[in-house]
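Novice: These are the residues of each chain, in order.
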Amino acid sequence: MTASGPFVVEARGLVKRFGADTVVDRIDLRVPRGGCFGLLGPNGAGKTTTLRMILGHSPPSAGTLTVLGEAMPAAGRRVRARIGVVSQDDNLDPDFSVMENLEVYASYFPHRRHRPLRPFLESLLEFVSLGDRAGYRIQALSGGMRRRLVIARALVNEPRLLILDEPTTGLDPQIRHLIWSRLRALTERGTTVLLTTHYMEEAERLCDRVAIIDHGRILAEDAPRALVAREVEPSVVEVRAGERPPPPELARQARVEAVDGVWHCHTSEPGAVLASLGDYPELEYLHRPANLEDVFLRLTGRELRD
Amino acid sequence: MQGRSAGHWRLPAPRALAFAVWRRNARVWVRLMASNLLFHFGEPLLYLLGLGFGLGRFIGEMDGVDYFAFLASGLVASSAMMSASYEGIYSAYTRMVPQKTYDGMLATPLEVDDIVAGEMLWCATKGCISGGSILVVAAALGAVTSAHAVFCIPLLLLIGLAFAGPALAMSAISPSYDFFSYYITLVITPMFILCGVFYPIGSLPDALQHAVQALPLTHAVALARPLVTGAPVEHALAHLAVLAGFAAAGFYVSVALVRRRFVV
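As they're listed, the protein sequences go chains Z and E.
Each residue of the first sequence is one higher than the last, beginning at 1 in the numbering used here.
Each residue of the second sequence is one higher than the last, beginning at 1001 in the numbering used here.
Derived by calculation from the structure, the hints in this document are not laboratory data.
What you are looking at is a predicted structure, and each value in this text was computed from that prediction instead of being measured.
Incorrect hints may appear among the rest.
So the derived label-pair ranges between C-beta atoms look like this [unchecked claim]:
(1) E/G1054 <-> Z/G19: 54 to 60 Å
(2) Z/E303 <-> E/V1030: 53 to 59 Å
(3) E/S1181 <-> Z/D90: 26 to 32 Å
Don't be surprised by glycine CBs; every beta carbon is placed ideally from N, CA and C.
Use the sequences and the hints to build the structure in full.
Specialist: Printed below as a string of structure tokens:
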């Protein structure tokens, strides 16, 4: 596989064990060049560990891993020179201003430095709508501004592959939409985006392909719409039913999950379900198309993960 | 277990990119230079003026050297130790753990080897600035009688490296800041008291005299003192070898321990 091959990440039989725990369990993963690829999974599914292996920070216990055409973790330095990373934690440098954060970070990429650097860094700040904040201290930035600055920082080396670990967790809708639009702009320019998220809406809007991962294994991988079409019924009727059990006719028309006082009726015949519900005018319900969250819950189950 | 730790102890292979880490720290320091210099001059200057003038009046000469010059030359070495050690524990730990600076760096071509090398060089630089500050004050007060004192500058860098390695290793294994008071109390302070800064180690009981030969500050003082006072330097290579040994071993061990913390 060369750097111009069709996959930016290619894992075969990848395993990561910590002692007796197998965190990543023989996964095969291919992230195509271009577009946005989502790694979805509950907490502890193995997403972050997979990203750490891709970056060369965690030597695989078994299997092979190729990133941008080079074998990892051996080619760590060369590969990271062409990758941008937006980590889950805020690790901006509090000793520096916004612009200094970018300048110092750029100095860690010896061969990819723009000349002159300053206008390039200013354009990165503009790109994430922080053009007027160059001189601000990090402590003076809101959470959303910090996340955008981390994104700008991840672009100082003009990466071929941008990796984001839960990029919009804890952010308000305005910021999330801004970040989504910036990520789309990047993919349009040819940058490959690989992200983890547990927001299914985010994955559905942003990702061309997603892999759903749980207990260290990939459960399904495809375009979000194809997954919805393949893994679940096209319609969902959610009924607020309280303690009462679902009537038997409903169970014939839909796959019904009764969870915490709500019947989730997954069905190909929403008309029939709604007609049956007409017999119970006191019940409130919501009819919606199936989405990636339904796929996710079907594949990973509903039990809590902490 | 063997398989997991094997990679951490392979030989370090730092690259020139380590200087980017050094520059990052230097840039933070320059921003707060005035208050930083005050700190570097402050405490050792207090010792120098308080003990040098206060005790010096009663002591006169020690080991054939004016006590003020004797003490100043010891403090040049010990302040390099203090400064490099404090940078290697409190400041480096802040970058390593709570501030997550290393996590950010490791997402770039930097490896742990480069980061530790850059940190050690920076700790040594701070040791050099500290020791150099004392040297300047001592010279201004007429206590520096030999032009050989300029060789203190490279010596101070080596002293800084010798103490930076162990300090960074402490940071790498530390669960919190509290841990460092053990290191200061059990390692650094005894050296400060016992290794010849305030009096010649010849005045210690025999057993202790042998024991302090194993401590790097003894060798740092043994080199710095004659350079400042103009006396001939004895056993220079042996002293340099001990300091270089601590620096090299400290680098190797701290790289391995920082890898253990970050590459899992």
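Novice: Does the hinted range 53 to 59 Å hold for Z/E303 and E/V1030 at CB?
Specialist: For Z/E303 and E/V1030 the Cβ distance comes to about 54 Å; the hint holds.
Novice: Lying within 26 to 32 Å: is that true of the beta-carbon distance E/S1181 to Z/D90?
Specialist: holds (29 Å)
Novice: Could you tell me whether the CB distance from E/G1054 to Z/G19 stays inside 54 to 60 Å?
Specialist: Taking Cβ atoms as reference, E/G1054 and Z/G19 lie about 59 Å apart, which means the hint holds.
Every hint from the earlier list agrees with this structure, and none is contradicted.
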